[in-house]
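Put chain Z on the given structure of chain W with help from the hints.
Protein chains in written order, with the working numbering: chain W, 1 to 217; chain Z, 1 to 784.
It cannot be assumed that every hint is accurate.
[As the list claims (entries may be wrong)] From the structure, some residues in chain Z lie toward chain W, with a derived Cβ separation under 7 Å:
(1) E79
(2) A81
(3) F179
(4) L183
(5) V187
(6) Q189
(7) I190
(8) S495
(9) E499
(10) R503
(11) G517
[What the hints assert, rightly or not] Listed below are the simulated DSSO-like cross-link pairs for lysine-lysine, each with C-alpha atoms no more than 30 Å apart in a straight line:
(12) W/K32 - Z/K419
(13) Z/K355 - W/K118
(14) Z/K537 - W/K56
(15) W/K56 - W/K35
(16) Z/K122 - Z/K428
(17) W/K118 - W/K56
(18) W/K116 - Z/K419
(19) Z/K557 - Z/K489
(20) Z/K488 - Z/K424
(21) Z/K122 - W/K116
(22) W/K32 - Z/K527
(23) Z/K365 - W/K190
(24) Z/K527 - W/K35
(25) Z/K365 - Z/K489
(26) Z/K537 - Z/K355
(27) W/K116 - Z/K527
(28) W/K190 - Z/K361
(29) W/K56 - Z/K424
(30) Z/K561 - W/K190
(31) Z/K538 - Z/K525
(32) W/K35 - Z/K455
If you are wondering where the hints come from, they were derived from the structure by calculation, not from laboratory data. Just so we're clear, the structure is a prediction, and the values are computed from it rather than from any experiment. Virtual Cβ for every residue (Gly too), placed ideally from N, Cα, C.
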Amino acid sequence: MGALTSTPAPIEHADLSEKTGFSHRQIMVLHKRFKHLSDGDDVLRREDFLGIPSLKYNPIRKEIIEAFFNRRNFSPSRQGRANEIGFEEFLVVLSYFRPPCSKMTDEQRKNIRREKLKFIFNMHDADGDGLITLEDYKHVVEELLSRSGALGKETSRAIADAAMFEVARTVGHTDRDEFYEGITFEHFLKLLSNFDIESRMNIRFLKSNMIPGCTVG
Amino acid sequence: MFSRMAPRGRSGLGRSLAELGLLLLAILVLLDGTVLSLVAAISSESDTHEAKPVTHKNTSKKSFPVLGIKYDDVSVPFEIALWVLLASLMKLGFHLIPRLSNVVPESCLLISVGLLVGGILKLARDEVPPVLSDRIFFLCLLPPIILDAGYFLPIRPFVENIGTILMFAVVGTLWNAFFVGGLIYAVCQIAQDQYSDIDLSTIGILPCLLFGSIISAVDPVAVLAVFEEIHINELLHILVFGESLLNDAVTVVLYHLFEEFMDSGSVSAVDAILGLVSFLVVALGGVLVGAFYGILAAFTSRFTSHTRVIEPLFVFLYSYMAYLSAEVFHLSGIMSLIACGAVMRPYVEANISHKSHTTIKYFLKMWSSVSETLIFIFLGVATVEGEHHWDWIFLTSTVILCLVARIIGVVGLTFIINKFRIVKLTTKDQFIIAYGGLRGAIAFSLGFILHSEHKRIFLTAIITIIFFTVFVQGMTIKPLVELLAVKKKNEAKRSINEEIHTRFLDHLLTGIEDICGHYGHHHWKNKLNRFNKKYVKKILIAGDRSKEPHLIAFYHKLEMKNAIQMVESGGGSKLNSSFPSTVSMQNIQPKIQSPPSARPSERVLPQLTKGREEEIRQILRTNLQKTRQRLQSYNRHTLVVDPDEEGFDDLFLKKRRRMELDWKLKQMTNYLSVPRPQGSPTMSRARIASDSQAYVKPGAENVPTIQIDLASPQSPDSVRLLDEVVQDQGLTMSLPSSSRGAYKTSGKDDGRDQQTLLRCLSDPGPDPDDDDDEDYDDDEPVPT
Numbered sequence: 001m002g003a004l005t006s007t008p009a010p011i012e013h014a015d016l017s018e019k020t021g022f023s024h025r026q027i028m029v030l031h032k033r034f035k036h037l038s039d040g041d042d043v044l045r046r047e048d049f050l051g052i053p054s055l056k057y058n059p060i061r062k063e064i065i066e067a068f069f070n071r072r073n074f075s076p077s078r079q080g081r082a083n084e085i086g087f088e089e090f091l092v093v094l095s096y097f098r099p100p101c102s103k104m105t106d107e108q109r110k111n112i113r114r115e116k117l118k119f120i121f122n123m124h125d126a127d128g129d130g131l132i133t134l135e136d137y138k139h140v141v142e143e144l145l146s147r148s149g150a151l152g153k154e155t156s157r158a159i160a161d162a163a164m165f166e167v168a169r170t171v172g173h174t175d176r177d178e179f180y181e182g183i184t185f186e187h188f189l190k191l192l193s194n195f196d197i198e199s200r201m202n203i204r205f206l207k208s209n210m211i212p213g214c215t216v217g
Numbered sequence: 001m002f003s004r005m006a007p008r009g010r011s012g013l014g015r016s017l018a019e020l021g022l023l024l025l026a027i028l029v030l031l032d033g034t035v036l037s038l039v040a041a042i043s044s045e046s047d048t049h050e051a052k053p054v055t056h057k058n059t060s061k062k063s064f065p066v067l068g069i070k071y072d073d074v075s076v077p078f079e080i081a082l083w084v085l086l087a088s089l090m091k092l093g094f095h096l097i098p099r100l101s102n103v104v105p106e107s108c109l110l111i112s113v114g115l116l117v118g119g120i121l122k123l124a125r126d127e128v129p130p131v132l133s134d135r136i137f138f139l140c141l142l143p144p145i146i147l148d149a150g151y152f153l154p155i156r157p158f159v160e161n162i163g164t165i166l167m168f169a170v171v172g173t174l175w176n177a178f179f180v181g182g183l184i185y186a187v188c189q190i191a192q193d194q195y196s197d198i199d200l201s202t203i204g205i206l207p208c209l210l211f212g213s214i215i216s217a218v219d220p221v222a223v224l225a226v227f228e229e230i231h232i233n234e235l236l237h238i239l240v241f242g243e244s245l246l247n248d249a250v251t252v253v254l255y256h257l258f259e260e261f262m263d264s265g266s267v268s269a270v271d272a273i274l275g276l277v278s279f280l281v282v283a284l285g286g287v288l289v290g291a292f293y294g295i296l297a298a299f300t301s302r303f304t305s306h307t308r309v310i311e312p313l314f315v316f317l318y319s320y321m322a323y324l325s326a327e328v329f330h331l332s333g334i335m336s337l338i339a340c341g342a343v344m345r346p347y348v349e350a351n352i353s354h355k356s357h358t359t360i361k362y363f364l365k366m367w368s369s370v371s372e373t374l375i376f377i378f379l380g381v382a383t384v385e386g387e388h389h390w391d392w393i394f395l396t397s398t399v400i401l402c403l404v405a406r407i408i409g410v411v412g413l414t415f416i417i418n419k420f421r422i423v424k425l426t427t428k429d430q431f432i433i434a435y436g437g438l439r440g441a442i443a444f445s446l447g448f449i450l451h452s453e454h455k456r457i458f459l460t461a462i463i464t465i466i467f468f469t470v471f472v473q474g475m476t477i478k479p480l481v482e483l484l485a486v487k488k489k490n491e492a493k494r495s496i497n498e499e500i501h502t503r504f505l506d507h508l509l510t511g512i513e514d515i516c517g518h519y520g521h522h523h524w525k526n527k528l529n530r531f532n533k534k535y536v537k538k539i540l541i542a543g544d545r546s547k548e549p550h551l552i553a554f555y556h557k558l559e560m561k562n563a564i565q566m567v568e569s570g571g572g573s574k575l576n577s578s579f580p581s582t583v584s585m586q587n588i589q590p591k592i593q594s595p596p597s598a599r600p601s602e603r604v605l606p607q608l609t610k611g612r613e614e615e616i617r618q619i620l621r622t623n624l625q626k627t628r629q630r631l632q633s634y635n636r637h638t639l640v641v642d643p644d645e646e647g648f649d650d651l652f653l654k655k656r657r658r659m660e661l662d663w664k665l666k667q668m669t670n671y672l673s674v675p676r677p678q679g680s681p682t683m684s685r686a687r688i689a690s691d692s693q694a695y696v697k698p699g700a701e702n703v704p705t706i707q708i709d710l711a712s713p714q715s716p717d718s719v720r721l722l723d724e725v726v727q728d729q730g731l732t733m734s735l736p737s738s739s740r741g742a743y744k745t746s747g748k749d750d751g752r753d754q755q756t757l758l759r760c761l762s763d764p765g766p767d768p769d770d771d772d773d774e775d776y777d778d779d780e781p782v783p784t
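Okay, chain W solo, but in the shape it has when bound:
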């Protein structure tokens, strides 16, 4: 195990804080956690995640772990997957789960919503081509039902079908050809337009009275 590397200098912290919107204290706590998960290393690998005990009951753990290594989540322009991530990427992925600020303009709220939904979209889209095919969706449903044994497999097919049908209804019959390939991100947005994800997809990172700064970017 050896000596643990020292915590990043405060300057880096300030950088990260700006970029991800976490407060200094939160970054320090998360850095400690990062070190704990990576066994003192500077990078995290997939195997490190498997060591978390309570995660193994989670039906979608594979997707969650993948999400940390999906380059598209680090910045919109990048593609592909990484095999190991550093602390910065760890923070960026976790920043998707930051609670929103209390005062937001509508524009900001829409942006946050887009970002969070894009994160989920990336999780569903296994092959990274920007479309959720029926197979992808079916896979998601199967995972969710994977705890119920054989029951899940056939029903999940039906549920995925019903869900896709709803997509068709929501999107309208206009884009016929597109529908063949799968759900695009725009469709996905429209589909979940009633779903208030910006207030649901949040984790309280610290039980402190530090309300994270309103850096929306």
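What follows is chain Z alone, placed relative to chain W:
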């Protein structure tokens, strides 16, 4: 703005006649009541006259009484029935007058009617029946309403906001009680009203505090009555409503506390601490009692599979017992009832039959509706009865203090709460919460059983507050909600995508919490769910149903609802619901990504044969070079030759298809995507519940029939042939009748419709483990 104009004209005339008729009926009922009471008075005299001759039977023989009046024996049930009838007729009447019910909330109308009736009765009889005795209220009228609320409590938003709700309920009510009580005492001491015949300064601090504690509690009945009509968004609704339910514990404790203090005359520090302890005991004890009875009910319902008829009875009885048991120990009966309903619901619903479920739902709604109506009417009647003590200073200051206390309380608490909430409460929210703090009949009943010497003045003040909140606040809250553009309830149907994503988010957030090493409430919720699934469900739910996950249950419910809707909508051939749950879309895909083995796209549903072919043709025509290759694969049942070849024999094909269809039906293989889940309660409800409307027998060839395929098509009845061709009516299933030419080259539009249609329909891809693939083997001859 918010009233919809009733359509004038003939229907308007008809409706106004109906209104008149109903009002006449109501008045008749009223008069009946008074007349009969008079008759009762008379008959009691005549009864005594009747009695005398009996003793002198041997001396004089009376003629046999053909017709007599004997009202006394049935007077009590008779009057009760009459009251309930009156209440129901009133409720009926209001809804026939839409203009009125849009402006004035029902509760106000009912109180007004109560006033009217009370006035009439007072004039007619000169003594008013003691109608709203607190015993009737607390034992008979209140429980149905609370049970209805508790059984159908939306658990998820309630638990998500439990912290906020508890803050408002406990701290808010305490603040209200002490603020109002203390300041009214101050006002009493200061006020020197020469016109008042009672010296306000004689009212001690303890009676004032008692008074404060009575009127500080937000009333669930009133809140329900008003909020139901304004359709406000779920968060605000659950906040105010949850507060009104949970503050019962506080009210009970404070009430008993101050009463004890008043009797004993002095307060010590020990007493105050004991009061605090008793609060915890009352609240938690009530919840535990309720949970205990709830678990009993769930356990009992596990064994009722052979006696379905009395299932609803268990639910009602156990809940009522929970309420009464809590009342025995001076615990909070309301909290006990809520806990009982909320705890037993998931397990009971998994165990009972569909009909019992409907029965429970409708009985609860019916009782609670009648109870609510009666409460408001009695409130009006009781106002007329008894002398009131009008002390303007006391009354106005009470009203003002209540309002001020509420506003300050809400604003102050929100300030603190917002520090801990993710979704902050805006000023608009705060206003609605403050404004929605209505007082109601519970306060009145508590005041009614006071033993104080100042009971009269307190009661008057309580009634004033109730009237003020219900009339003024109740009537104006709707326009205010519109004015402030508060978010309304999301009336859209819950879609399956949202449900999937709700589940998905749950797991995602739990996972992220685990990764962060942070034991947040998702973590604990997950733990609770796992515990529930592993142990509790096995005990409390019968059979295999314990394994059915929530998502599947939701999905089946949705399917069933859609199917029923479809049938009820006139049985048109238009399918606008998630029909193709029975079919999957997998073989539409091969258009772009053609799988190397063309097998996935081979399976064709019998009833899709023709349409499918059309679609395939379109695909084929657009991908010419793949045509030959595709042909081999689409060969299965129908296309034995290259479809591009003209001169095909229609008849042969038709015949062949018919034969295949017959064969398929005989086989009844599980070609649809979902096998029946073992013992899924929702699906078994569907089967039992289907009043054979869902399954339409196939008629003659030309009779349009609908096929409704629920996700579990086990019964052969569930497959029918569609004989009607539908064009351009959205997504429909169509199997052209055989009278139509088999292979007329459909035009582009026709094909496109078919494409639209079939875009979302497909047959399931072959399950790799599925044996059914053998049936579709090319080599196997179709048996004739």
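Tell me the hint numbers this structure goes against, listed in increasing order.
1, 2, 3, 4, 5, 6, 7, 9, 13, 16, 21, 23, 28, 29 and 32
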